[in-house]
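As they're listed, the protein sequences go chains A and R.
For the first sequence, counting from 1, position 441 maps to 441 in my numbering; every step adds exactly one.
For the second sequence, counting from 1, position 54 maps to 54 in my numbering; every step adds exactly one.
Any given hint might turn out to be false.
[What the hints assert, rightly or not] Computed from the model, here is a short list of chain R residues facing chain A with C-beta under 8 Å:
(1) H22
(2) A23
(3) D30
(4) N42
(5) T46
(6) I49
(7) S229
(8) Y282
[What the hints assert, rightly or not] Once the Cα atoms are required to be at most 25 Å apart in a straight line, the calculated BS3-like pairs of lysine-lysine come out as:
(9) A:K37 - R:K207
(10) R:K37 - A:K16
(11) A:K16 - A:K61
In short, the hints are calculated from the structure, not lab data.
Bear in mind the structure is a predicted one, so any value in this text is a computation, not a measurement.
Even glycine gets a Cβ: it sits at the ideal position worked out from N, Cα and C.
There are 2 protein chains.
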Amino acid sequence: MDLNTAREQLTALQEKMSAYNHALGLLSYDGETTAPKGTAPNRAHTMGILSEIMYTLSTGKDTVELLEYLDAHKEELNAKEQRMMYLLLKDIRAMQKIPMDEYVAYEKLVVESQDVWYSAKNNDDFASFEPYLEKIVENRIRFAHYIAPDMDPYDYWLNEFEPGISRQSCDAFFAKLRERLVPLIAACSEKPQVSDACIKGDFPEDKQEELSYYLMSIMGLNLERVGLSTTEHPFTTSLGSHLDERITTHYYREDVSSSMFSVIHESGHALYDTGSDDDLAYTVLDGGVSMGIHESQSRFCENILGRSRAFCRFVFPKMQTLFPEQMKGYTWEDFYKAVNRVQPSLIRTEADEVTYSLHIMIRYELEKRLMAGELKVRDLPLAWNQMYKDYLGIDVPDDKQGVLQDSHWSFGAIGYFPSYALGSAYGAQFLARMKETVDIDAALEKGDFGPMNEWNREHIWRFGSSLTPAQILDNAMGAPFDPTYYLDYLEAKCKDVYGV
Amino acid sequence: MDLNTAREQLTALQEKMSAYNHALGLLSYDGETTAPKGTAPNRAHTMGILSEIMYTLSTGKDTVELLEYLDAHKEELNAKEQRMMYLLLKDIRAMQKIPMDEYVAYEKLVVESQDVWYSAKNNDDFASFEPYLEKIVENRIRFAHYIAPDMDPYDYWLNEFEPGISRQSCDAFFAKLRERLVPLIAACSEKPQVSDACIKGDFPEDKQEELSYYLMSIMGLNLERVGLSTTEHPFTTSLGSHLDERITTHYYREDVSSSMFSVIHESGHALYDTGSDDDLAYTVLDGGVSMGIHESQSRFCENILGRSRAFCRFVFPKMQTLFPEQMKGYTWEDFYKAVNRVQPSLIRTEADEVTYSLHIMIRYELEKRLMAGELKVRDLPLAWNQMYKDYLGIDVPDDKQGVLQDSHWSFGAIGYFPSYALGSAYGAQFLARMKETVDIDAALEKGDFGPMNEWNREHIWRFGSSLTPAQILDNAMGAPFDPTYYLDYLEAKCKDVYGV
C-alpha cells in the first residue's frame, strides 16, 4: 500500500460508513415517525443485518490494516486526517480489548433491557428491571477495566460521553451549582408564584405546527435541508451528513410552551449539526463533537435566547396572531414570566431552567455510588426518592415518575447525564463572550438570530468534530470553563422574574 | 462447498439483498414523502453507494460461484429453491452478455434522461428529450441482441416486463380489444353524457384522508402493516418484505374521486404484496410476480369492485356522512354513474375504465414501430397525435399532454405499458371464475371484501413470486387467457350506465 491509495481508501471507508449510517438512521426515524406500528420486527430484521455489515466494515481486518498503516504514517497526515484516524481507531482499539463473547452477550443484554425497562416503567415495576440494571452496571465496570485498567470505571465512561471530564471535575462543577442553586430555588419558592395561565389552555395542533415552522425559519434553519415531524419524544437526527437534518416535536393541545420550546431546543441541535463546513460531509468529522457541546447549543437557543425578555417581546405578537383567543388579556411580560416559572418537579425533561441541573446532579451522584459499588441497584429507588426530597423538596409518588423515568440506563448510558448540565453551563459562558461583540437583545427584539448564529458558526459549528471538545471550548470561551457564568445568569433571571 | 452450506449462503444472500432493498426503498420513499426538498443530492450520494454495494453483492464473483454451484445441483433442490435460483441467475446471465462499458454508459444515460424528460415535459419541449430517447431506443435494441440474439428485440423486452407475452400475443389481444372498444365508446358518446357533479366540488383534505383509512380498512388491509402517505403521484412499495407496505395518494380538493379510487387501486397492490405467504419473506419469492398480475389486482379492486353498483350503494352513506353538503340532493346511483362516466381524454392516468386500454394500445403500437425501426423518434409526436385522433377522436394540444406525459420511456421501460391493459383483462377473467363460488354483490353491499380477498389469496397472493405468471394465471383462470371476459364486462358496464 502507498499513502495515496490509503488516503483514497480512508475516504471511501468513511463514505460507506456514512451511507450505512444514513440507512440505519432513516430506518430508525421511519419507525419513530411514519411506519405502521406492526412493522417493528421487519425493521429490526433489516437493521440487524445492516448493523452487522456496518460493524464488520468499521472493525474488520481490511479496515484495521488500513488504519494501522495510516497510523504508522501519522506524521505525514494533515490535522484533519489525524483526527479521522484517532476517532476511527479509538472504538476499534477499545473493542479489541473486550472478549468477543462478552461483547456479544452485552449487546444482547441491552436490547432486551430496553424492552424490559419500557414495560417496567409502564407498569411501575422496578423489580422486573432490577436484574437487568444490575448486569449492566456490572458489565460497564468490567468493560472499563478491560479497556482502561488504570482508570476508575466511572471516570472512563464520563470521559467517553464528554471527553475531558472526570469525577473530580464533575464533583467540583456540581458542588458549585448546588451551593448557589439550592438557596436560589428556595428564595424563588418564598415569593408569590408567577402565573402560567397564558400558555395553558386549548391550542390547535395545526396552529402549533405553523408556530414550529415559523420558529425554525426565524432561527435561521435552512428549511430546504431541515425537516420537521412529530414523535412521542422530540429528537434531532442527521441523515448521512449534515446536509439532511430532521427534528421532531410532540404537540400537547393543553400547553403551547411544550412543543414551542422543544422546537427551539431541537433547532439548536440542528443549527449545530448543519453548521459543519461542507467539506466535512461523509467523514467522521461531520456534525457535532460531543453531547455536552451539543446540549450547549440546544439549551442556549431554548433558554438563553428563547426564554429571554427580548425574544418573548418579539414573539408575543406572533402568538397573538396564531392564538388570538388564548392570548387575549395577556401581555408579553405575562408570557415571559409564564415560560420562566420556577417550580421543583418530578420529571427531568419537563423541569424548568433553574431546577434542571438538580435533576442531573441526583443522577450523577447515584451513578457515581453505583459504579463505586457503594450503592446496590436494589437500593436505588429508595436512594432516588431520598435525593429528590433532599435536593428538590418533593416526594416521589412512584418509580414510574421516579427512578424509571429515563431510558438512558436501560441502554447502558451510565455517565451520560452530566453532559446535559455541563452543556447548559457552557452556553452561559459562551453568552458572556458573545456579548462582547454582539448586541444580542437588539437582535432578538427584531427576531434576528443571524448575529448569534454567525458567532456560533465561527467559534463552534463549522469545525464539526474536527477539533476536540476541549479545543472547541477553548476557542469559544477564550478562558477555562467556569460555571460561575451559568450561576450568575440563573440568578439574574430569577431576580428579574421573582425579584429575589 | 457442500449443498447445506450453499443453501445457508443462498438464504443469507437473499436476506442481505432484502436489507439493501429495504434501505434503498425507504430512501426513495422518504424522498417522495417526508424529506426536505433540498436533500436530494445527499440522498443520491447514499443511494449511489448502497446501489453499488447491492450490485456487487448480487452479481459478484462469490454470488456467481454460489449460484453456479447450486445450478449444477439443481435436481437436488426443491421447487422454491429452483425458482430462487432461476430468478437470481436470470439477471446475472443477461448482464454477463453486455459489455461493461456499455452497461455503465446506459445506466448513466437513463439517470440523465429522466431529468431531461422532466424538464422537457414541464417546458413542453420534446426536442430536448428527443436525442435521449433516440439513444435509449437504440440501446434497448442493441442490448436485446446481446442477451437474446435469436429473438426480436421488442419481443425480448415485452417478455421481460410480463413473462410469456410477445408481439404476436399482444397484437391478437389489442386487435380484439379495439374491435369492440372503439364502437362501444362511440355508442356511449352518442348517448346523453352522465353527470359527475356529485364528485366535483370542494372536499377538505382531512375528510378525504378519513375516507382513505376507511377504504383501506374495509378492503381488509392490516393497518398495523400498511401505511398511507401523500405524494405527487400515488404508488405502492414494499419495504424489506411484504411485512411492511406503504401506499400513497394525492388529494385534490375539487375532485373526491381521484384520491378515492387511487387509494382503492393502491390498496389492491398492497393486498397482493402483503398476501404473500410469510415464509417467503426475505427471499426473492416475496411479493407480486409481474406487473400484469399486479395490475390485475389493483384494477380489479379499483374498477371491478370499486366502481360496481353494489359497492357504490354500500359506500354512498359514508360519503354522505363525510361530505354532507357536497352529497346533498344526490343518490347512490348518481354517484355510481359519476364514477363510471366514459369520456375520451388526453391523459392515460386519468382515463376511465373503458377508454383506458386505448391509451395503452397507442403506446404499444408506437413502441412496436420504434423498436422495428419503422418509426423515427423525431416523428413520434406527430404519430402520437395522429393515433389519439384515430383511436380516441381527440386533438392533442401540446406534447406535454401528449407524447411527454408518461415517464416510462425516460427510464428505458419500453415494453412495459401492455401489462396495464393485460392486467385489467386478467381481472375480468378472474371475476368470471370467482363468481362461480363467491356472491360478490352480496358481499360488496355489506362492504365485505373478505370473500373476494380469500379467493385471491388462495389463487394468487399466497404464492408471491414462487410460481411463474403463467402458472398463476392458469391457477386462477382454470382456462387459457381470453380477453372476451373483459370486453363482455365493459359492454355490460356501458349498458348499465349508458343503456347502449
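Comparing the hints with the structure gives:
The criterion of a C-beta within 8 Å of any C-beta in chain A is met by R:H22, whose closest approach is roughly 4 Å, and the hint holds. Satisfaction of the interface hint for R:A23 is found here, the shortest Cβ-Cβ separation to chain A being roughly 4 Å, below the 8 Å cut-off. For R:D30, the suggested interface contact is upheld, since its CB lies about 6 Å from the closest CB of chain A, less than 8 Å. Restraint check, R:N42 versus chain A: the minimum CB separation of about 4 Å is within 8 Å; hint holds.
Because the beta carbon of R:T46 sits about 4 Å from the nearest beta carbon in chain A, less than 8 Å, this interface hint is met. A cut of 8 Å between beta carbons decides the hint on R:I49: the least distance to chain A is about 4 Å, and the hint holds. Restraint check, R:S229 versus chain A: the minimum CB separation of about 7 Å is within 8 Å; hint holds. Annotation: R:Y282 was flagged as interfacial toward chain A, and the flag holds, the nearest CB pair being 7 Å apart, inside 8 Å.
At most 25 Å may separate the alpha-carbon atoms for a hinted pair to count; A:K37 and R:K207 meet this at roughly 23 Å. Between R:K37 and A:K16, the direct Cα distance comes to roughly 23 Å. Compliance with the 25 Å bound is thereby established for this hinted pair. At roughly 16 Å between alpha-carbon atoms, A:K16 and A:K61 fall within 25 Å of each other, so this suggested pair holds.
Checked against the numbered hints given earlier, this structure breaks none of them.
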